[in-house]
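Asker: Taking the hints into account, I'd like the entire structure generated from these sequences.
Protein chains: 2
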Amino acid sequence: VPAHHRRLTTSELVAIELLARALAQPRAKGVVLGIGDDAAVLENGLVWTIDAAVEGVHFDRRWVTLEDIGARAVEAALSDLAAMGATPIAALSALTLPRGIQRREIVALGKGEARAAKRAHTPIVGGNIARGPVLSLTTTVLGRARRPLRRDGARPGDELWLVGKLGLARAGLSFLQKSGKGPRQALRAWQRPHALLDEGRKLVGRASACIDVSDGLAGDAWHLAERSRVRVVIEGDAIVDPMLRAVARALARSPIELALQGGEDYALLATGPRQKRPRFARKIGGIEAGRGVLLELAGKRRVLPRQGFDHLT
Amino acid sequence: VPAHHRRLTTSELVAIELLARALAQPRAKGVVLGIGDDAAVLENGLVWTIDAAVEGVHFDRRWVTLEDIGARAVEAALSDLAAMGATPIAALSALTLPRGIQRREIVALGKGEARAAKRAHTPIVGGNIARGPVLSLTTTVLGRARRPLRRDGARPGDELWLVGKLGLARAGLSFLQKSGKGPRQALRAWQRPHALLDEGRKLVGRASACIDVSDGLAGDAWHLAERSRVRVVIEGDAIVDPMLRAVARALARSPIELALQGGEDYALLATGPRQKRPRFARKIGGIEAGRGVLLELAGKRRVLPRQGFDHLT
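As they're listed, the protein sequences go chains A and B.
Here the first sequence is numbered in the numbering used here, starting from 1 and rising by one per residue.
Here the second sequence is numbered in the numbering used here, starting from 1 and rising by one per residue.
Certain hints may be false.
Any copy, or any two copies together, can satisfy a pair, since identical chains are not distinguished.
To be verified - Distance condition first, Cα-Cα at most 20 Å in a straight line; then the derived SDA-like pairs of lysine to any residue:
id : residue 1 : residue 2
1  : Lys29     : Arg144
2  : Lys178    : Ala246
3  : Lys111    : Val233
4  : Lys276    : Asp152
5  : Lys283    : Glu199
Just so you know, these hints were derived from the structure itself, not from any lab.
Only a predicted model underlies this, so the values are computations on that prediction, with no experimental measurement involved.
Answerer: Listed below in structure tokens is the structure:
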């Protein structure tokens, strides 16, 4: 299962926009922010998201233990809250279990979910179990943020900030798909991502916009550009660090492509004025008046293609 | 796909109890009620649930339109809130779409979800789209209740109340599985259930305990008995009405068995003192000191077997 299979086709993307329109009730009472961000925002600063991980699409049991599958599912949902600068309150977990799954396997999933939940001080307060053709984990997390970070606040003149790693998890996945062997840090980046909750919270009051990099830097930069109605310029040299360069070489791949396509590190992409950039954020570009996402490399700029996405929030 | 296939096997049930234990954090801050009820209860009266509907397990496209599949998924989640006496605030929808699904099919799902959401004055504020081997809809609903109804409040001496229909949806499903033809009211009961939100709210202050009948009366009565540590006695004559008797005859089935196994009508099963029974609730039995669930028929009592369940909340 190549990672890009998790992306949807163009016709499906169109359908999803139709679906979003069918569901949209923009003026609903008690709704501050609906479809179109990392999470929905309700009254009282409640921030709420849902995320699904499906066997054969998002993961393969050959690449990752069931305990890590459980933890990854929770971390992925938590990452949406991190991008909103929210503190999680609690989670619910809906599992679809294939026929023949063993008790110890279910317990391993639960242990992994509990591990991630504990790390984030977030109790799992319930859920649902259903039978299904493949294993899937759908996690919803509720949190709270005084002033939620949104995708639509970026302004021309802002810097583009990165918090966390880019491309390392994507490299790890490539190693796992090829041979199962590779640098431990890359494998672990994919197998055991951590939502950047502390960093997300610290971006509140500093960042003008934020999104988590779950679908890949290029795609998520597009989300941010479109929601904020600005142009995002990514500095190609800034998104590659020595470790990524090394693993890219081992894979005979372009480190920049890995960084642009890598998403499952669950880094945060934020924007804000230079004087407000926190120490843990790295400048990787800037915001301009205009539209779209550009990659600047060796003094030349090119438009990055708009990527697919698979989130309604 | 016979309806009972949605039930899990005994070994899976054991595993789920292990899973619930792996996830349980009973003293978590901000959690009033965790795993083990229709929904979790958080601080400030927030009531929260998640429910999944999987193609080939919970529904088959030969029996029901995609629009009704969308609506049913939302109604099933709303029914958990009805059982808590809660008013829904908002919903999130996670869809798993099989390869090759058509745009108009996705839009039909969304229209059905929106229809149910509108009926309940509940905006769908976001969600997630993933690819998967079969269509599945996982819906999470957040609501609020001043004093949430729980499963654990039934006391000896209480009456057992039913709100809504029993067995009609189960009969409708049998007709759909056999020939696709049958009494319109039975087919519609399965295809277009409605969560009893108004009735649930009106039970607050009257009922001592409540559960929604989603897995079948027998199974859900067991949940209530176990959580409340009481004995539930069901009066066999009281659970069969003339319409159920007529459809059971057409199916050559026992009306009592249909009533005991029928769940997807999304009726409410509540307990409370006689003088507090609302007009819309029907007495179908009583609560005694003891344990288990008994069926009383023609002056004789027998223990009903403990049924499987597929909910962590």
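Asker: Against each hint, give a clear statement of whether it holds in the structure.
Answerer: The hints, checked one at a time:
no., hint, verdict
1, Lys29 <-> Arg144, "both (18 Å within a copy, 14 Å between copies)"
2, Lys178 <-> Ala246, "within (17 Å within a copy, 62 Å between copies)"
3, Lys111 <-> Val233, "neither (41 Å within a copy, 38 Å between copies)"
4, Lys276 <-> Asp152, "within (18 Å within a copy, 52 Å between copies)"
5, Lys283 <-> Glu199, "within (15 Å within a copy, 56 Å between copies)"
Violated hints amount to a single one, hint 3; each of the other numbered hints is respected by the structure.
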